[in-house]
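Visitor: Sequence:
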Amino acid sequence: MDKLIDSIMEKLLSDGYVREDEAEIVRFGLELNIMKVLISSAMLIAAVIFGSTPAALVFMAVYPPLRSCCGGYHAKTRTACFILSMAAMSSVIAASRLMPARASLYAAAAMYAAGLLCIILLAPVESRNKPFDDKERRVFRRRSLIAAAISAAVIAVLFLFKAHRLMTAAAMAVFFTGIMLPAGIFSNRKGALK
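FYI, the numbering for the sequence shown is 532 to 725, going by the working numbering.
Misleading hints may appear alongside valid ones.
When the alpha-carbon atoms are kept at most 27 Å apart in a straight line, the in silico DSSO-like pairs for lysine-lysine are as follows [said to hold, decoys possible]: (1) 661 - 721; (2) 607 - 567; (3) 607 - 661; (4) 567 - 542; (5) 534 - 567; (6) 534 - 661; (7) 534 - 607; (8) 567 - 661; (9) 607 - 693; (10) 721 - 666.
Label pairs and their computed distance ranges (CB to CB) [to be verified]: (11) 644 - 547: 50 to 58 Å; (12) 645 - 544: 24 to 32 Å; (13) 637 - 551: 41 to 49 Å; (14) 722 - 565: 19 to 27 Å.
Since the hints were made in silico from the structure, they are not lab data.
Values in this document were obtained by computation on a predicted structure and should not be read as measured data.
Quick reminder that beta carbons are idealized off the backbone N, C-alpha and C, glycines included.
Work the whole structure out from these sequences, hints included.
Guide: Okay, here's the thing in structure tokens:
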């Protein structure tokens, strides 16, 4: 992936689209977007292979906005990021394929409650790459709560349509976002001790 990013950056710099003083931030954004495309593609391919496309799409619609607003733990390497993302999607696929509809209703309620509690108590959690000043913390706090409210609305609509497995996928997005918050706090403290 580094070779691809290097060649894109070289082209952007030589054609004058990016100045030298902007190169580092543009490179970071480019790397981030390429990783998002790769992870999303891998998730969709896995979902199609295992016949869980609707659940994957619901998860992918709810999880990224929540994570970008709430923050939390971020893997230190691309490989670790990919593995964590695929582990989350694997659990969504497994739940949508293996969990009985009635059980998924209770699981969704428990996961949503746990994730929402973490979001309410802890969000937003900054990372090494995204530290907050006081104003940003207030803005992201508000965004986190709005994103959580939107996810609640999505879950409520899915419940009304008795789409329990899809509701579980949305609840898992809230849950995974929620558990990334204390993990991020721990990771930040651990990093500060070094």
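Visitor: Look at each hint and say if it fits the structure.
Guide: Outcome of the hint check:
{"no.": "1", "hint": "661 - 721", "result": "holds, 17 Å"}
{"no.": "2", "hint": "607 - 567", "result": "holds, 15 Å"}
{"no.": "3", "hint": "607 - 661", "result": "holds, 13 Å"}
{"no.": "4", "hint": "567 - 542", "result": "holds, 22 Å"}
{"no.": "5", "hint": "534 - 567", "result": "holds, 17 Å"}
{"no.": "6", "hint": "534 - 661", "result": "holds, 25 Å"}
{"no.": "7", "hint": "534 - 607", "result": "holds, 19 Å"}
{"no.": "8", "hint": "567 - 661", "result": "holds, 17 Å"}
{"no.": "9", "hint": "607 - 693", "result": "violated, 39 Å"}
{"no.": "10", "hint": "721 - 666", "result": "holds, 25 Å"}
{"no.": "11", "hint": "644 - 547: 50 to 58 Å", "result": "holds, 53 Å"}
{"no.": "12", "hint": "645 - 544: 24 to 32 Å", "result": "violated, 47 Å"}
{"no.": "13", "hint": "637 - 551: 41 to 49 Å", "result": "violated, 56 Å"}
{"no.": "14", "hint": "722 - 565: 19 to 27 Å", "result": "holds, 25 Å"}
Violated hints for the displayed structure, listed by number in ascending order: 9, 12 and 13.
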